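These protein sequence lines are chains A and B, in that order. Going by our numbering, the first residue of the first sequence is number 1, and it counts up by one from there. Going by our numbering, the first residue of the second sequence is number 1001, and it counts up by one from there.
Hint data in this document are derived by calculation from the structure and do not stem from the laboratory. Bear in mind that the values here come from a model prediction, so they are computed numbers and not experimental data. Check before you lean on any hint, since a few could be wrong.
Stated by the list, open to error - Label-pair restraints from in silico Cβ distances:
| # | chain 1 | residue 1 | chain 2 | residue 2 | range |
| --- | --- | --- | --- | --- | --- |
| 1 | B | Glu1127 | A | Glu210 | 53 to 59 Å |
| 2 | B | Asp1090 | A | Glu210 | 32 to 38 Å |
| 3 | B | Val1008 | A | Glu210 | 26 to 32 Å |
| 4 | A | Lys133 | B | Gln1151 | 50 to 56 Å |
| 5 | B | Gly1033 | A | Trp174 | 25 to 31 Å |
| 6 | B | Val1008 | A | Gly202 | 27 to 33 Å |
| 7 | B | Thr1016 | A | Gln155 | 29 to 35 Å |
| 8 | A | Arg10 | B | Thr1118 | 19 to 25 Å |
| 9 | B | Ala1034 | A | Leu171 | 33 to 39 Å |
| 10 | A | Gly202 | B | Arg1014 | 25 to 31 Å |
| 11 | B | Asp1090 | A | Ser217 | 21 to 27 Å |
| 12 | A | Asp132 | B | Gln1151 | 48 to 54 Å |
| 13 | B | Arg1014 | A | Gln155 | 32 to 38 Å |
What the hints assert, rightly or not - Below 35 Å or equal to it, Euclidean Cα-Cα: the simulated DSBU-like pairs (lysine-lysine) are:
| # | chain 1 | residue 1 | chain 2 | residue 2 |
| --- | --- | --- | --- | --- |
| 14 | A | Lys133 | B | Lys1013 |
| 15 | B | Lys1263 | B | Lys1235 |
| 16 | B | Lys1013 | B | Lys1152 |
| 17 | B | Lys1152 | A | Lys122 |
| 18 | A | Lys133 | A | Lys122 |
| 19 | A | Lys71 | B | Lys1109 |
| 20 | B | Lys1240 | A | Lys133 |
| 21 | B | Lys1109 | A | Lys122 |
| 22 | B | Lys1203 | B | Lys1263 |
| 23 | B | Lys1264 | B | Lys1308 |
| 24 | B | Lys1308 | B | Lys1172 |
| 25 | B | Lys1013 | A | Lys71 |
| 26 | B | Lys1263 | B | Lys1172 |
From the three backbone atoms N, C-alpha and C, an ideal C-beta is built for every residue, glycine too.
Listed here are the chains, written in short residue letters.
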Amino acid sequence: MIEYDEHERRMVLKLVYYGPALSGKTTNLLRLHDLLAREGRGELMMLDTTDDRTIFFDLLPFFLVAPSGLKIKIKVYTVPGQVRYDATRKAVLQRADGVAFIADSQSTETANNVESFDNLEKNIALVGLDIDKVPLVIQFNKRDLPDTVPEADIQSVWGPTGIPVVMASALEGWGVVETFAKLAEMTYGNIDRRYRLTAEHGLEQRSFVERLTNRSSE
Amino acid sequence: MKRQLSLVVGAEKRLTDILSAAEVVPLLEGAVGAGAAYAALLTPDGEVIWERANHDRIGKVSVAVSVMLEGEPVGRLVVQGESVRNEYLDGIAGILLGAVQGIIGVSLKQVLTAEIHTSVINQSYDELLETNRQLSDSEGRYRELASTLEQKVAERTAELEHAHSRLLQQQKMASVGQLAAGMAHEINNPLGFITSNLHTLQKYAARLILMLDYYSSLLESDPAYARLVQISSRKWQELKLDPICADVAPLIGQSLDGAERVKKIVADLKGFSHIDDSEVGIVDLNAEIDRTLSVLEYRFPPGTDIVKNYRELPGYCCNPAQICQLFFHIIENALEARPERPRLIISTSAGSTAVIVSFADNGPGIPEGIRGRIFDPFFTTKEVGAGTGMGLAVAYDIVTGIGGSVEVACPADGGSIITIMLPLQRKQYVPLL
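I would like the entire structure built from these sequences, with the hints used as guidance.
Below, the structure written as structure tokens:
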């Protein structure tokens, strides 16, 4: 958690989209920006990209006020996927409340997915978080492409881990909101008891997720 | 240590962190210049951050729009003017908001870029410092290793030499034991028939003497043989058969005693070496001391006086051969303290936790300067070649090996006392080698 100020009645959460280079993390955020209603979200900030590659990060902020008056800001970040930007990844990962791992479904990218997931595990430990406790959702992106790893194989690998897996095509716009909703749901579940979101602030899990994933009527 | 900027990527910004008067005030002035009576940027609570007014105009109508930062309303732009120009004011407010939001977008991007950049630089710097520290540490270790290498090699070599000597000493004792056991077997066989034959000879000789007496009494009872008696009596005298007959029994008796002693010596030597015993056994320490004394007896200086103050001891669980070695070295050392008339007082006693054995001699005592070194390997006060300096070292190893301790005292009236504490309660017995 980036910030929790009981006096100012303010909570700032951080969600991070992690994954190998070119797996579609920025595209996920672009689609969320397009698909979700304007109300309650800010503009997508894309920092310094060269040739459409993320160097620093992208940021899509959300803002909502709980019935109690608690202001909650949710900052959704992408990290640069390229191996050389590990320092940036670590900096962005600091104090993350939840992680969406965006994997590339193409069978040629399996090794990169594994390498990036190892990197995530390592960096999560380095910034002082516990991989077993941080809410984590895995998205297998690019399902629209030919030659992807079969869904049955993916389920047989990840099913036993208990980590939720979402199939998606960010390019076609499906699976993206579902991934975000699942991450929001798990993040809420992880902090509700400690910050008494339901008990004291009157903000229930369903309402929290719905307000974040309120689709644009346009 | 320099203070570093501590940043978390995503830390909240206030509106005034993003906007400056230099950027916003000219916009407010523009709004006023374009015909508004008053233009201001306020906090959500209504506090004025920056404002500009044209006092020639009257602000009858007010238009307010929200300024957004990351989706959150963080301020309000207020424009006031005359009522007839209501639409006009909306237009001004719209342009003003667009400009302010534009500046916020650009500034936020700059701030976020700077933030991540600083964060990454700090992190890299910290990592470099850490790497540097680790390298310095390892360099330091290598330097230290290099400078002390020679000394360490010497120390280890000495340790190895000591260990080797101890091993040799132990092996020596073991081979002595083996030799003793072999000899005992070889000696016991002839000793057996010597003893048995001597007993038979004793019987036979007695019968022969009886027969001689019988002849003598037969001849003397018949006067016809008086001449024969006279001649044979002369021959009897000539051959000194009276003292010889008297001497036969004691001669054989003494030989039997001698054979018994040989048997005992052999048995003691074999017992001392414990060559037939298992590694661990329960022994009577008093008996072991006695056994050691009899093995050493041939080396006792003239006039040796051994005083035994034994108390009854519980059975002691140990390696019997090692315990005999321990007593052997200590007694041997004590007896060498005086070339003649040495007096050794051996006392034993048992407490609830340990057996105490002390050896007090009447030698010259141990000079205070070397008292701490007598248990060191190779330390000897004897002439070169006379002693190995290993005896007490091995004794010390044995005592400490079974968890006991050794103390040396030199009373003011002379002599020295070595007191050994052997613990009774040990969870398990650990052989020394």
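Verification of the hints:
1. B/Glu1127 to A/Glu210: 53 to 59 Å: For A/Glu210 against B/Glu1127, whose Cβ atoms are near 42 Å apart, the range 53 to 59 Å is violated.
2. B/Asp1090 to A/Glu210: 32 to 38 Å: The hinted range 32 to 38 Å holds for B/Asp1090 and A/Glu210, with Cβ atoms some 33 Å apart.
3. B/Val1008 to A/Glu210: 26 to 32 Å: holds, 29 Å
4. A/Lys133 to B/Gln1151: 50 to 56 Å: holds, 51 Å
5. B/Gly1033 to A/Trp174: 25 to 31 Å: Violated: the Cβ-Cβ distance is about 51 Å, outside 25 to 31 Å.
6. B/Val1008 to A/Gly202: 27 to 33 Å: About 28 Å separates the Cβ atoms of B/Val1008 and A/Gly202, which means 27 to 33 Å holds.
7. B/Thr1016 to A/Gln155: 29 to 35 Å: Roughly 51 Å apart at Cβ, these two residues miss the hinted range, so it is violated.
8. A/Arg10 to B/Thr1118: 19 to 25 Å: Holds: the Cβ-Cβ distance is about 24 Å, inside 19 to 25 Å.
9. B/Ala1034 to A/Leu171: 33 to 39 Å: violated, 45 Å
10. A/Gly202 to B/Arg1014: 25 to 31 Å: Holds, since A/Gly202 and B/Arg1014 (Cβ atoms, about 27 Å apart) stay within the stated range.
11. B/Asp1090 to A/Ser217: 21 to 27 Å: holds, 25 Å
12. A/Asp132 to B/Gln1151: 48 to 54 Å: Holds: the Cβ-Cβ distance is about 50 Å, inside 48 to 54 Å.
13. B/Arg1014 to A/Gln155: 32 to 38 Å: violated, 47 Å
14. A/Lys133 to B/Lys1013: Between A/Lys133 and B/Lys1013 the Cα gap is close to 29 Å, so the pair holds against 35 Å.
15. B/Lys1263 to B/Lys1235: With Cα atoms ~41 Å apart, B/Lys1263 and B/Lys1235 exceed 35 Å; violated.
16. B/Lys1013 to B/Lys1152: Violated: B/Lys1013 and B/Lys1152 sit about 61 Å apart, past 35 Å.
17. B/Lys1152 to A/Lys122: violated, 40 Å
18. A/Lys133 to A/Lys122: Between A/Lys133 and A/Lys122 the Cα gap is close to 14 Å, so the pair holds against 35 Å.
19. A/Lys71 to B/Lys1109: holds, 23 Å
20. B/Lys1240 to A/Lys133: Violated, because 117 Å separates the two Cα atoms, which is more than 35 Å.
21. B/Lys1109 to A/Lys122: holds, 29 Å
22. B/Lys1203 to B/Lys1263: Status holds; Cα separation ~22 Å.
23. B/Lys1264 to B/Lys1308: holds, 20 Å
24. B/Lys1308 to B/Lys1172: Satisfied, since the Cα-Cα distance of roughly 29 Å is no more than 35 Å.
25. B/Lys1013 to A/Lys71: holds, 14 Å
26. B/Lys1263 to B/Lys1172: The given pair, whose Cα atoms are some 24 Å apart, holds under the 35 Å limit.
The structure shown violates the earlier hints numbered 1, 5, 7, 9, 13, 15, 16, 17, 20.
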